[in-house]
Amino acid sequence: MKFKNKVSVIIILMIFSFNISVFATTLEEVSNELVCQCGCTLILTNCNHSSCGFAIPMRKIITEKLSKGETKKQIVEYFVSQYGEAVLASPAKKGFNLTVWILPFVSIIVGGCIITLIIFIWVKRRRQTLVYEGANEIQTKIDDKYEKIFDREIKDFE
Amino acid sequence: MVDLGYFSMLIAVVISVYGIVAAAMGKRFNRAELIRSAENSAFAVAGLLTIGLAVLFYSFLTHNYRVAYVASYSSNNLPLVYTISAVWAGQEGSLLLWGWLLTVFTVIVILQNRRQNRALMPYVVIVLMIIILFFLILLTFITSPFKKLDFLPADGQGLNPLLQNPGMIFHPPLLFLGYVGFSIPFAFAIAALITGQLGDMWIRSTRRWTIFSWFFLGIGILLGAKWAYVELGWGGYWAWDPVENASLMPWLTGTAYLHSVMIQEKKNMLKVWNVILIILTFVLSIFGTFITRSGIISSVHSFGQSALGPFFLIFIGITLVAAFSLLLHRIPLLKSTNELDSIVSRESSFLFNNLILIGVAFSIFLGTVFPIISEAVRGVKITVGAPFFNQVNVPIGLVLLFLTGLCPLIAWGKASVRNLRINFLIPFIIALAGGTGLFVAGIRQGYPLIAFTLCIFVLSTIVLEYFRGVKARRKMTSENYLTAFIRLIWRNKRRYGGYIVHVGMVLIFLGIAGSAFNTEKEINMSRGESVQLRDYKITYEKLVSYPTKSKNVVSATLSISRDGRSLGFLSPSIEIYKGYGEAQTATEVAIRSSLKEDLYIILAGYKADGVSASFKIIINPLVAWIWIGGFVLALGTIVVMLPDRREKRRLLVKYSREVFSNEIQK
Numbered sequence: 553m554k555f556k557n558k559v560s561v562i563i564i565l566m567i568f569s570f571n572i573s574v575f576a577t578t579l580e581e582v583s584n585e586l587v588c589q590c591g592c593t594l595i596l597t598n599c600n601h602s603s604c605g606f607a608i609p610m611r612k613i614i615t616e617k618l619s620k621g622e623t624k625k626q627i628v629e630y631f632v633s634q635y636g637e638a639v640l641a642s643p644a645k646k647g648f649n650l651t652v653w654i655l656p657f658v659s660i661i662v663g664g665c666i667i668t669l670i671i672f673i674w675v676k677r678r679r680q681t682l683v684y685e686g687a688n689e690i691q692t693k694i695d696d697k698y699e700k701i702f703d704r705e706i707k708d709f710e
Numbered sequence: 070m071v072d073l074g075y076f077s078m079l080i081a082v083v084i085s086v087y088g089i090v091a092a093a094m095g096k097r098f099n100r101a102e103l104i105r106s107a108e109n110s111a112f113a114v115a116g117l118l119t120i121g122l123a124v125l126f127y128s129f130l131t132h133n134y135r136v137a138y139v140a141s142y143s144s145n146n147l148p149l150v151y152t153i154s155a156v157w158a159g160q161e162g163s164l165l166l167w168g169w170l171l172t173v174f175t176v177i178v179i180l181q182n183r184r185q186n187r188a189l190m191p192y193v194v195i196v197l198m199i200i201i202l203f204f205l206i207l208l209t210f211i212t213s214p215f216k217k218l219d220f221l222p223a224d225g226q227g228l229n230p231l232l233q234n235p236g237m238i239f240h241p242p243l244l245f246l247g248y249v250g251f252s253i254p255f256a257f258a259i260a261a262l263i264t265g266q267l268g269d270m271w272i273r274s275t276r277r278w279t280i281f282s283w284f285f286l287g288i289g290i291l292l293g294a295k296w297a298y299v300e301l302g303w304g305g306y307w308a309w310d311p312v313e314n315a316s317l318m319p320w321l322t323g324t325a326y327l328h329s330v331m332i333q334e335k336k337n338m339l340k341v342w343n344v345i346l347i348i349l350t351f352v353l354s355i356f357g358t359f360i361t362r363s364g365i366i367s368s369v370h371s372f373g374q375s376a377l378g379p380f381f382l383i384f385i386g387i388t389l390v391a392a393f394s395l396l397l398h399r400i401p402l403l404k405s406t407n408e409l410d411s412i413v414s415r416e417s418s419f420l421f422n423n424l425i426l427i428g429v430a431f432s433i434f435l436g437t438v439f440p441i442i443s444e445a446v447r448g449v450k451i452t453v454g455a456p457f458f459n460q461v462n463v464p465i466g467l468v469l470l471f472l473t474g475l476c477p478l479i480a481w482g483k484a485s486v487r488n489l490r491i492n493f494l495i496p497f498i499i500a501l502a503g504g505t506g507l508f509v510a511g512i513r514q515g516y517p518l519i520a521f522t523l524c525i526f527v528l529s530t531i532v533l534e535y536f537r538g539v540k541a542r543r544k545m546t547s548e549n550y551l552t553a554f555i556r557l558i559w560r561n562k563r564r565y566g567g568y569i570v571h572v573g574m575v576l577i578f579l580g581i582a583g584s585a586f587n588t589e590k591e592i593n594m595s596r597g598e599s600v601q602l603r604d605y606k607i608t609y610e611k612l613v614s615y616p617t618k619s620k621n622v623v624s625a626t627l628s629i630s631r632d633g634r635s636l637g638f639l640s641p642s643i644e645i646y647k648g649y650g651e652a653q654t655a656t657e658v659a660i661r662s663s664l665k666e667d668l669y670i671i672l673a674g675y676k677a678d679g680v681s682a683s684f685k686i687i688i689n690p691l692v693a694w695i696w697i698g699g700f701v702l703a704l705g706t707i708v709v710m711l712p713d714r715r716e717k718r719r720l721l722v723k724y725s726r727e728v729f730s731n732e733i734q735k
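Keeping their order, the protein sequence lines are chains A and B. So for the first sequence, my numbering puts the first residue at 553; every next one is plus one. So for the second sequence, my numbering puts the first residue at 70; every next one is plus one.
Just so you know, the hints here were simulated from the structure itself, not pulled from any lab data. Values in this document were obtained by computation on a predicted structure and should not be read as measured data. Glycine is no exception: its CB is placed at the ideal position from the N, C-alpha and C atoms. Accuracy of the hints is not assured; some may be wrong.
[As the list claims (entries may be wrong)] Short, incomplete list of chain B residues facing chain A, as computed with Cβ under 10 Å: (1) Tyr127; (2) Asn229; (3) Glu408; (4) Ile425; (5) Thr452.
Please model the complete structure; the sequences and the hints are all you need to start from.
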C-alpha cells in the first residue's frame, strides 16, 4: 500500500473510532440545558446555593421525570412551559434564534471571502506595478540606446 | 473632611472644562502658553482626584459611616485589607478609581510628550480631558462617593461576602488599568485624525501604552477567572457571564489591533482598519462598564447595577458618531498603497488572524446583547448562556490557535515553498505524532484532541524558532547555549518576547481544553464514609463550626488518598456572614492543585451535628496551566515592553523626516 493510502486509512479509522456511544440521559445532561431561575445566571448544574429555592426543586423534578422514563426533550419542554424560553441555557435553534447561531459563522465566512478577494486584488496590483516598473526600466534602456545612436549620427553628420 | 473630597471633585470639573477650552484655543490661535496651561490643568485635575481618592480611603479607614458609600460597603468587623478594597467595591468608588487612573495616565502622557508629538498633544489633551470630564460629571452630580447620610449609623452594612476574597483586591484595579489604558491610544488616534498626521508615529508613540493596557486587561480577566474558581464555588472559572464577556471583547479587539499595527509599521497598510480597531477597543472598554452598571442583562455581577446605564450609552453613542465622522472625513488621507507580493505572506496571515479575533469578539457581542434583541423583536425573554458561547467559540478558537502557530513564521512579503517547508514541516510532523500518540492513549473527543494537537504544533514552531535563532547566534559569536539564548531575546525583545506571550496563550488553551475531561460527583456522606472518584479516595472525617470576628465558619474535614497513599486533608467550608442574616453565605472551596489536575471539593450542605454532609467533588484536569500561562504571558509582555535601543535607533533613521516635519509644525 502506498504511503498516501496508508495515511488515508489511518485517518479514516481515527475518525470512525471516536466515541459514538448511547448513554441513558442523566440529571447532569438535562441540568446542563437549563438555567437556574434564582438570579445567579448559572446553568442548573452549577448553581451551588445551599438552600436555592429553584435549583434544588428543579433537580428533584428532573430526577423524578427521568425515573419515569421521560426523555431529555420532554423534560426540557416541561420547564419551558413552566418558566418560558428564558429557562433554556442557550436559545433553541429555530426561528429568529437561528440568527444568533448562524451569524457569527456567516460573518467570518463572508469576511474571509472579502479578505481573500482583497488580497488577490492587492497581489494583482503589485504585479502590475512590477510590470510597469519593469517596462519603464526597459524603455529607459531603449531610450538610452537610441539616444546614443542619435548622438553618434548627429556627430557624424556634423 | 468629606466635604474636601466633594469640593475637590467640583473644582476638578471646572478645571477640566478650562483645560479643554484652553487646549482648543491654544491650538486654534497657535498660543503655546495656552496649550501649556491646558496641560498644567490636567496636573491640577490629577491632584484634585488624588485628594478625592485619599479622602475616600480615609473615610473607609476611620469607619466614617456618615458617608453613605462607606456605610454601604464596609462594617466595623471587616478585615483591614477588605476595608481598603471596599473603596472600589461599589459604583462610586470604581468610577473614582477609574477617573483617578485616567488623570494619572494623562499626566504621564503629557510628561512623555513634552518634546515630541507637539502637533498632536493639544488634541490628545482635549480627548483625555473630555473622558475625564464625563467621569467627573458622574462623580459630582449623579453618583457622588461623598454623599452624606442624615444620621450616623452605628455600623455599616458590610461588604458582600463574595467580594471578600484576595482576588477582589487586585481584579478590579487591574481590569481598570486595562480599560483606562486604552484611552491613550484612542486619544492619539483621534488627534491623528484631527491633525491629519496619519503616519504610524501615533501608533509607535502609543505602542507601550497599548501593550500595557492589553496586558493588564488580560491579567485582570485571568484574576477574575481565578476569583470565580475559588470563590463562586461552582467548579469552573468562566461562566460566559455578560460582564466577563464585556471584559473579553476589548481584549480581543486590542489583540487584533496589536497584530495589525505591525502591518502598518512594516508596510504602511491598513491605516483605516487600525483606527477602526482602536476606536472599537476603547468603546468596548466603556461598554463593559455600561453592562456592569446598567443591569440591562442579568449577570453574576449584579452587585454593580445602577441607573448609570443611559449616561454610558449616550457617551458611547457620541464617541462612535464623532470618531467615525472624523474617520470618514480623513479617508482620503488614509489611503495607502495596499499592495501585496504574494497570497501566502505574513501580511495576509495577519489579516486572517484579525478576522478570527474580530469574529470571536462579534460572536460574544451578539450572544451578550441577543437577549435584548430577542425581547425587542419577539417580545420573548431568552437566555444566552455558556452552551451557546462554547459551541460557537470553541471551533473559532481552534482556528485562532492554529493561526498563532502559523502567522509569526510566514515570511513578510512572499513566503516561498522552501520557507514554508523549513518552518512548518518539523512542527507539523511533531504535532501529527503527538496527536496520534494522544489518540492511542485514549483521547478520542474531537475538540480536545484537535486542541492538544494544535498546542503541540504551536509550541513546536516556537521552540524551533528559538533553536534556529540560538544556532545562528552560536555560529556567529561562539557563545554557549544559555548566553546565546538570553542574548537572542535581549537583542530582539519584540520578536522573541512576542513568542513568549504566544507560549503563555498556548498554555491557557491547554488548560481550557482540559475542562473537557472534568469528572464530578455529588454525594451525601456519613462521618467515616468514603467515596472513590477516579484515583482519589475521599473520606469524610468531621465537621467543625467556629466563629470569627465577621462570620461563622462551618468547615468539613476530608482525608484524601490516592493508590493507598495519603495526600493529606482538605477542608471545604461554608461561611455565614454576620450582619447579613443566615441567607448570606459564601462557600469556600477546598482545592488540591497539581499540574495534572485539581481536586475541587465544595461543601454543599450539612447536618448541624455533623453526622452527615453533602459534597460536590470535581476533578478539573490541567486547570493549573491556565494560571501558569498567565505568568508566562506576563513574562513575555515584560520582555516586549523593555526599552530597545536598537529599535529606537532604527526608527530614528526611518522616521527622521516625519519627526522633522513635526518639529517644523511645532
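Can you give the numbers of the hints that this structure goes against, from lowest to highest?
-> Hints 1, 2 contradicted; others consistent.
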